[in-house]
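K.L.:
As they're listed, the protein sequences go chains A and B. Using our numbering, the letters of the first sequence map in sequence onto residues 44 to 256. Using our numbering, the letters of the second sequence map in sequence onto residues 44 to 256.
Each pair may be met inside one copy or between any two copies, as identical chains are not told apart.
The calculated SDA-like cross-link candidates involving lysine to any residue, where the alpha carbons are at most 25 Å apart (straight line), are:
#	residue 1	residue 2
1	K161	R189
2	K161	G81
3	K161	E188
4	K65	A240
5	K161	Y50
6	K161	Q86
7	K161	Y226
8	K161	A225
9	K161	V221
10	K65	N249
11	K65	E105
12	K161	E174
Note that these hints are calculated values from the structure, not bench results.
There are 2 protein chains.
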Amino acid sequence: MELYTYYRSTSSYRVRIALALKGLDYQALPINLIAPPGGEHRQPAYLAINPQGRVPALRTDEGDVLVQSPAIIEYLEERYPQVPLLNADLAIRAHERGVAALIGCDIHPLHNVSVLNKLRQWGHDEGQVTEWIGHWISQGLAAVERLIGDEGFCFGATPGLADVYLIPQLYAAERFNVSLQAYPRICRVAGLAAGHAAFQRAHPANQPDTPAG
Amino acid sequence: MELYTYYRSTSSYRVRIALALKGLDYQALPINLIAPPGGEHRQPAYLAINPQGRVPALRTDEGDVLVQSPAIIEYLEERYPQVPLLNADLAIRAHERGVAALIGCDIHPLHNVSVLNKLRQWGHDEGQVTEWIGHWISQGLAAVERLIGDEGFCFGATPGLADVYLIPQLYAAERFNVSLQAYPRICRVAGLAAGHAAFQRAHPANQPDTPAG
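Sequences and hints are given; from them, build the entire structure.
P.N.:
Structure (structure tokens):
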């Protein structure tokens, strides 16, 4: 498999965790969202791969190009069911997917770089942009805190779909200086993931396109 | 099953379509997002059901309460596999889920009422709010137009997951006066859905909480 990825992209990070948890090898094809000006994802070469011009995209072993991290992760779960990310129980699967969707729909899209740039174009300063980011992350994580379990990862002793979404969102929270103090369950999960090899391998600090230093 | 729903809520509308396509009976429990001031979804009674205070939520026949439309729809697909919303082919499933995620993550959250209210709080007038909505809907639908098929519904002769997401998004586009002229494939799908009984049953105009007139 080949993964079009950017080290700091929240949704690329999710897919990298899913791949690492399942022990799947892949070739990383970095797409620089910063250089050239406007980003490599806006160049015709990448738009021919993903017409939406976003990362990640996955080229499967069968040659299909898949877009959108929720779709890619569900594909990986179905194609490589070893090390499942979802519980066998239908209601628990729905709870896991519910937390994933809350993060993937109600938190992350609101601090996507394109949204922040639109706010800047409208004259908002960095203080306001930071307030905007913090508002949506805090509101969303407060809901996640009520939905996840009391021990282990989000839904049990082993990491699953909700953790695949939560950990990259916490990386973004840290990057934007959002406090996690009010969320003890989330902090517990963060601690477990920090010591887990798959999460370490997928971390933005450990990618082929991570800037030196 | 019981569905906490609001007639005009995009994500409630998705779940209603999925239920209707599968021919599943349910009891609609309307949650008024407008009255009392601040909305019924912000009252303690509903927060005890869904701590995030959003619709939809589904109470299953087994008594579990599920939140977040993507999770609810995947649950319905697994629990009631008759009339499948996803193709049997793994890559096609991923393409269907990709369009669903593009709409569910990259379009709809950006014009959620809470986001629009935040823009209003920041002093943006209705002209700017309308520009904001139109920007994200148009950009997203342009990508959807490139990802869906050349005939039938989004991915074939029968409606599926991508259509479940697309049709409510088009209802929002119409409500916010976003032109669909540039998207002939999308308009074709809209035409097919308009004549389909399940989509009609799920439509905001035909709900128990639809205002008279």
